[in-house]
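**Student:** Please model the complete structure; the sequences and the hints are all you need to start from.
Sequence lines, in order, name chains A and B.
Those letters in the first sequence? Residues 0 to 255, per numbering that gives the first Met the number 0, in order.
Those letters in the second sequence? Residues 0 to 255, per numbering that gives the first Met the number 0, in order.
Be a bit skeptical, because a hint or two may be false.
Same chains, same names: a pair is fine if it fits in one copy or spans any two.
Calculated cross-link-like contacts (lysine-lysine; reagent style DSS-like; alpha-carbon spacing at most 25 Å) [to be verified]: (1) 85 x 154; (2) 251 x 154; (3) 172 x 150; (4) 85 x 211; (5) 18 x 251; (6) 150 x 4.
The hints are simulated quantities; they were obtained by calculation from the structure and are not laboratory data.
There are 2 protein chains.
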Amino acid sequence: MNDNKPLILLSNDDGVRAKGLNELIEMLTPLGNVLVMAPDRARSGAACGITANEPLRYRMVSARSDVEVYACNGTPVDCVKLALEKVATRRPDMIVGGINHGNNASVNVHYSGTMGIVLEGCMKGISSVGFSLCDFDPDADFSLTAPYVYKVARKVLSAGLPSGVCLNVNFPKATAGYAGLKICRMARGSWSSEWYEADHPRGGKYFWLTGKYTNLEPDSEDTDDWALANGFVAVTPVTVDMTAYNAFGGLKDLEM
Amino acid sequence: MNDNKPLILLSNDDGVRAKGLNELIEMLTPLGNVLVMAPDRARSGAACGITANEPLRYRMVSARSDVEVYACNGTPVDCVKLALEKVATRRPDMIVGGINHGNNASVNVHYSGTMGIVLEGCMKGISSVGFSLCDFDPDADFSLTAPYVYKVARKVLSAGLPSGVCLNVNFPKATAGYAGLKICRMARGSWSSEWYEADHPRGGKYFWLTGKYTNLEPDSEDTDDWALANGFVAVTPVTVDMTAYNAFGGLKDLEM
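**Tutor:** Below, the structure written as structure tokens:
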């Protein structure tokens with residue numbers, strides 16, 4: 000890959016073979032060279048997890064003039080860290096996660112490996128954005144997302160983002176186009192009925208994580224959940240600084 | 000366990016056998032009954048990760064009148080979700096993570112399995128607090144932390160916390176007592192030189208995650224890093240809502 004074009008580092012949490020990743024590569028190449036370091040298998044729900052207790056390896060999967068693809072046995076965040084320090088020959092101009100097969104709006108940002116990539120990029124001081132489509136199907140149709148991905152990625156690449164801020168972009172499942180694009184805040188939401196329980200053939204129970212999501216403020220039109228439910232692309236700016244500044248007052252009596 | 004005392008749900012990311020967890024059980028029993036669901040092995044760096052692709056199981060490890068201990072093959076967040084829905088006979092009054100062997104201040108909150116527990120508890124609407132000691136030693140001395148743990152946990156249990164806010168409590172490594180306790184914000188910090196590289200005996204390289212942490216604002220006296228560096232217990236209120244509200248203005252031109 001030559002050095003004249005912007006360098007975009009791309010990863011995901013569905014694994015290097017996922018359709019969403021491979022379609023995103025083609026959406027991003029008009030903007031620059033794309034270096035991919037992605038997990039060698041699905042790592043959905045990896046959040047900002049890192050691999051503390053096992054050694055990691057990576058291998059090249061494919062290469063062409065404007066795209067190099069590597070796979071790694073670590074988490075999405077490991078992929079970013081490893082690519083930045085051991086593979087990239089220069090500092091990327093942008094870090095991108097996705098396109099995720101599934102919704103990363105509202106509280107899902109906390110569990111999302113896609114947003115782990117994006118937060119890691121942001122912590123490294125690089126403009127970072129994650130894209131997710133609200134469709135878990137491995138063969139989901141990403142074609143409607145392409146012009147929006149291009150527009151958002153071009154803006155992030157050219158204008159940058161404020162220090163400590165990254166973007167979480169979610170696309171509703173749609174067949175005939177989107178209603179538009181909204182800048183949103185995270186909805187307050189919660190998961191319940193999270194376990195599918197079954198009998199183990201040798202006794203006892205086993206449990207699969209599943210669950211029912213509830214938007215706790217369905218009438219708030221400024222949230223990502225509302226935007227998605229009404230056909231809009233939801234762009235939520237996300238902060239690395241998780242300090243709850245409004246809570247300082249009530250805690251002062253603990254100081255000593 | 001009888002129903003007359005508050006119920007405290009406890010987990011950690013160093014695993015059910017870790018010293019920090021077992022010392023924290025004894026610090027919390029004066030405040031209520033303690034239900035422990037902890038990972039069956041070390042899961043440091045698990046963040047808010049969940050197990051999407053494997054079934055989970057749990058087993059009882061020990062029981063006495065005021066403490067029940069279970070171990071689970073999932074992540075710290077899985078432990079909280081499983082305990083709440085499948086083990087606890089009533090809704091806990093407080094959820095606690097720790098005591099972690101290692102520093103969870105500054106950006107480490109994003110990687111921390113301890114804080115994954117706490118954020119999960121907070122997302123379930125339960126007052127939640129995480130405790131971490133800046134000492135990775137498996138045999139670290141937690142004795143100095145006890146009166147501070149008691150004081151913070153008692154306050155959280157009696158007064159609660161604002162909706163969507165949880166606490167990240169970090170203790171400096173000390174031998175002669177702490178300088179006091181400070182309510183702090185997250186320092187801006189970054190990790191670099193993150194990989195230890197070695198030759199694989201059958202060719203190629205392998206990599207262990209390690210790294211050097213830098214406080215990017217060492218002179219800011221209102222941060223958790225500053226408090227710890229100056230011998231104070233650092234209490235950082237953490238918000239579930241990661242929206243970067245100050246970034247809305249610069250993004251409005253994307254709307255359509």
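**Student:** Hint by hint, note whether the structure agrees.
**Tutor:** Outcome of the hint check:
Taking CA atoms no more than 25 Å apart as the test, residue 85 paired with residue 154 passes in neither setting, with 28 Å inside one copy and 47 Å between copies. In this assembly of identical chains, the alpha carbons of residue 251 and residue 154 lie at most 25 Å apart only when taken from different copies (12 Å versus 42 Å within one copy). Taking the shortest Cα distances, residue 172 and residue 150 sit within 25 Å of each other inside one copy (19 Å), while across copies they are farther apart (49 Å). In this homomeric assembly, residue 85 and residue 211 come within 25 Å of each other (Cα to Cα) only across copies, at 16 Å, whereas the closest approach inside a single copy is 40 Å.
Taking CA atoms no more than 25 Å apart as the test, residue 18 paired with residue 251 passes in neither setting, with 50 Å inside one copy and 30 Å between copies. In this homomeric assembly, residue 150 and residue 4 come within 25 Å of each other (Cα to Cα) only inside a single copy, at 18 Å, whereas the closest approach across copies is 56 Å.
Hints 1 and 5 from the earlier list are contradicted by this structure; the remaining hints agree with it.
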